[in-house]
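Each protein sequence line maps, in turn, to chains B and D.
Numbering follows the numbering used here, in which position 295 of the first sequence is assigned residue number 295; successive positions increment by one, without gaps.
Numbering follows the numbering used here, in which position 165 of the second sequence is assigned residue number 1165; successive positions increment by one, without gaps.
These aren't lab readings, by the way, just hints derived from the structure by calculation.
Check each hint, because a few of them may be wrong.
[What the hints assert, rightly or not] One side of the interface only, derived from the structure: several residues of chain B facing chain D at Cβ under 10 Å: (1) 116; (2) 119; (3) 156.
We treat Cβ as the ideally placed atom computed from N, Cα and C, and that holds for glycine.
Letter by letter, the chains look like this.
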Amino acid sequence: MNFEYFFRLFFSGLTRGSIYALLALGYTMVYGIIKLINFAHGEIYMIGAFTALIVAGALSLTGMPALAILVLASVVALVYSSMYGYTVEKIAYKPLRQAPRLSALIVAIGMSMFLQNYLLLAQTSNFLPFPDLLPEFSLPESWGGMVNGPQFLIFVTTAIIMVALTLLIKFTRMGKSMRATSQDKVMAALLGINVNRIISYTFIIGSFTAALGGILISSYTGQINYFIGFLAGIKAFVAAVLGGIGSIPGAVLGSIVLGMAESFAAGYISSVYEDVFAFVILVLILIFKPSGLLGKPEVQKV
Amino acid sequence: MKLEAVKRSALLAMWFILLTFPVMVVRVNTVTGVVQWRWSNLVLVGLGSFVISLVWNWALARTAGRGGEAAEAGATDEATGGSGLRIGERMSDLRTMLSEPRYRTPAYALLAVVIVAFPFVMSLYQTNIMISALVYVMLALGLNIVIGLGGMLHLGYIAFYLVGAYTYGILNRFFGIGFWVALPIGAALSVVAGILLALPVLRLRGDYLAIVTLGFGEIARIVMNNTTKFSGGPQGIGGIPRPTLFGLEMGLLGVTRYTYYIIVVVVIITVFVVYRFENSRIGRALAAMGEDEIAAQAMGVDLTRMKLTAFALGSVWAGIGGVILAARTTFINPASFTVWESVIVLCCVVLGGMGSIPGAIVGALALILVPEYLRAFSDYRMLMFGAVLVVMMVFRPGGLIPKRRRSYTVDVAHEEEVVS
Chain B
1 MNFEYFFRLF FSGLTRGSIY ALLALGYTMV YGIIKLINFA HGEIYMIGAF TALIVAGALS
61 LTGMPALAIL VLASVVALVY SSMYGYTVEK IAYKPLRQAP RLSALIVAIG MSMFLQNYLL
121 LAQTSNFLPF PDLLPEFSLP ESWGGMVNGP QFLIFVTTAI IMVALTLLIK FTRMGKSMRA
181 TSQDKVMAAL LGINVNRIIS YTFIIGSFTA ALGGILISSY TGQINYFIGF LAGIKAFVAA
241 VLGGIGSIPG AVLGSIVLGM AESFAAGYIS SVYEDVFAFV ILVLILIFKP SGLLGKPEVQ
301 KV
Chain D
1001 MKLEAVKRSA LLAMWFILLT FPVMVVRVNT VTGVVQWRWS NLVLVGLGSF VISLVWNWAL
1061 ARTAGRGGEA AEAGATDEAT GGSGLRIGER MSDLRTMLSE PRYRTPAYAL LAVVIVAFPF
1121 VMSLYQTNIM ISALVYVMLA LGLNIVIGLG GMLHLGYIAF YLVGAYTYGI LNRFFGIGFW
1181 VALPIGAALS VVAGILLALP VLRLRGDYLA IVTLGFGEIA RIVMNNTTKF SGGPQGIGGI
1241 PRPTLFGLEM GLLGVTRYTY YIIVVVVIIT VFVVYRFENS RIGRALAAMG EDEIAAQAMG
1301 VDLTRMKLTA FALGSVWAGI GGVILAARTT FINPASFTVW ESVIVLCCVV LGGMGSIPGA
1361 IVGALALILV PEYLRAFSDY RMLMFGAVLV VMMVFRPGGL IPKRRRSYTV DVAHEEEVVS
């Protein structure tokens, strides 16, 4: 057994899992509140990465220092993705609150397709190299070779976001309103919670974390395209289901398990079937433990 | 009121200008380091979103008014609400007219003449387009069983199409099997694949079902992409023979016409079978399941059997369509079977009206033929499909031609006479 190879796969899985986690958080929050798979979530992640690329590309010509570009591009991208998330909810999901689930799902797919092609038409169909934004710093010698600077940055960011979101949901007024809305929308409205606003907040927060994931992974892998969001979105959803949909620690745990599983399967079994493993895991988890690793079993109501 | 709407739309237009600014205006080529500023797009987005938001809000108000939910849908909306109703009425007028034999017979006769004459009047190119459109009609009719009747969102439908196409391709490549033998084999294998997919997803519903079926479709494509020895890998399989007729030499034009007639006959059979199915015992049980699984189960509907039936009956048409596609294009590769193909079929069903047979036909014809004739806008095809899904679901969830349940009316006044 080659330990170095093992640990390299381990950390690459952890990186992948952290990115899935940033996406899965949005899925799980939106699902918790309006019980809808937001297929367009992956596109928000892609738009976040693209906006960062555009801003960074335009700014790099002005000869700004790299750190300033990184901060500016990230801030603009995060703000814009949150705006996209907000707008998508208002256009597509709000009119369908009372409609059957099937309609809402179809709208979500339509929205995802629309956003993908919007980027394709307005920008390009080619892979674009992503500017190297993440600062390269060296880690202590004992870590060297197995985990690099950007990977470390990705773990830390994910951990911070997860802790912040947990605190937000557990201890703030907004978090309390979110939990109330996800339990019972009508009752929450009766108690004076502005349900529409809470749903908008959820979308904004979800889009924010998704875009963060988009920027991090794009600067890590170094290239982006208009369709990077779709598969990542689907896999993040799988991760959210794996962890137990509606649960924030579950989403992170599920993402890391999925990222590891993919990384090890690709490293030890076969890399061409990398994308298949996620779906196999999904089918297995849905058959044997539909509530996920940390989720509560759902009682079906008549 | 009017001014208010204009002001609102203007604000929205500003919002969209801001929102789309980086993506629409700036284009950065990170390889050459060239930044393009396309300011004209700004005007385009502004004007476009202004007009769209005006129409959108008007339509939204109208839909709300028609639903009877908004109390304000008073005198002002009555005038606007009328046009929507009028379209609906016209549609049902057409239907009642068609249900009378006096009009129905000539209408069908005319349709038959058009269908038969089509490949002789139109060019080879047009006939080819029509063949693909008709293949999509079949796919839409098949998917309609799963989605429209069974209420199960199936996003891996194209996998069965792939099974059909690859059955013919591979059987021909290794065993030299011809079209007519491959057709039933392709259909049978699709059914088997449909049941194999249905087994693990029997307990799933809604969103989970959608994701798992999507995953299944992707797995089928990835497997075909990677088993190079068996399926040709990304290059696919070429040189698949066109359909034969007792070994007759027909030439390209002849064989295209022949393929056209094959698909027409198959579509007619499909329509007939699906129509009969819909009103059968199983069809109605399936529709009940689509409405409410628990209620249907309580009424004695065997959900397991129904789901398997729906998947099997939905996939058989995709299998047949796949074989015909392989025979028409003589070349298949995995890139033609992505998730988005499944979504296009879904789009056909949604546009026409979920659960409605004429809807599926009209939806598929419209969505495949219109982009072919509007070549100038062909880049916008997928964008439009996405928009169609959103707009239809928001404003007309029943589709262009909503499904109509077979209904029975009892005339209370004459009931005694009827009974006695």
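Broken hints, numbered, in rising order? 3
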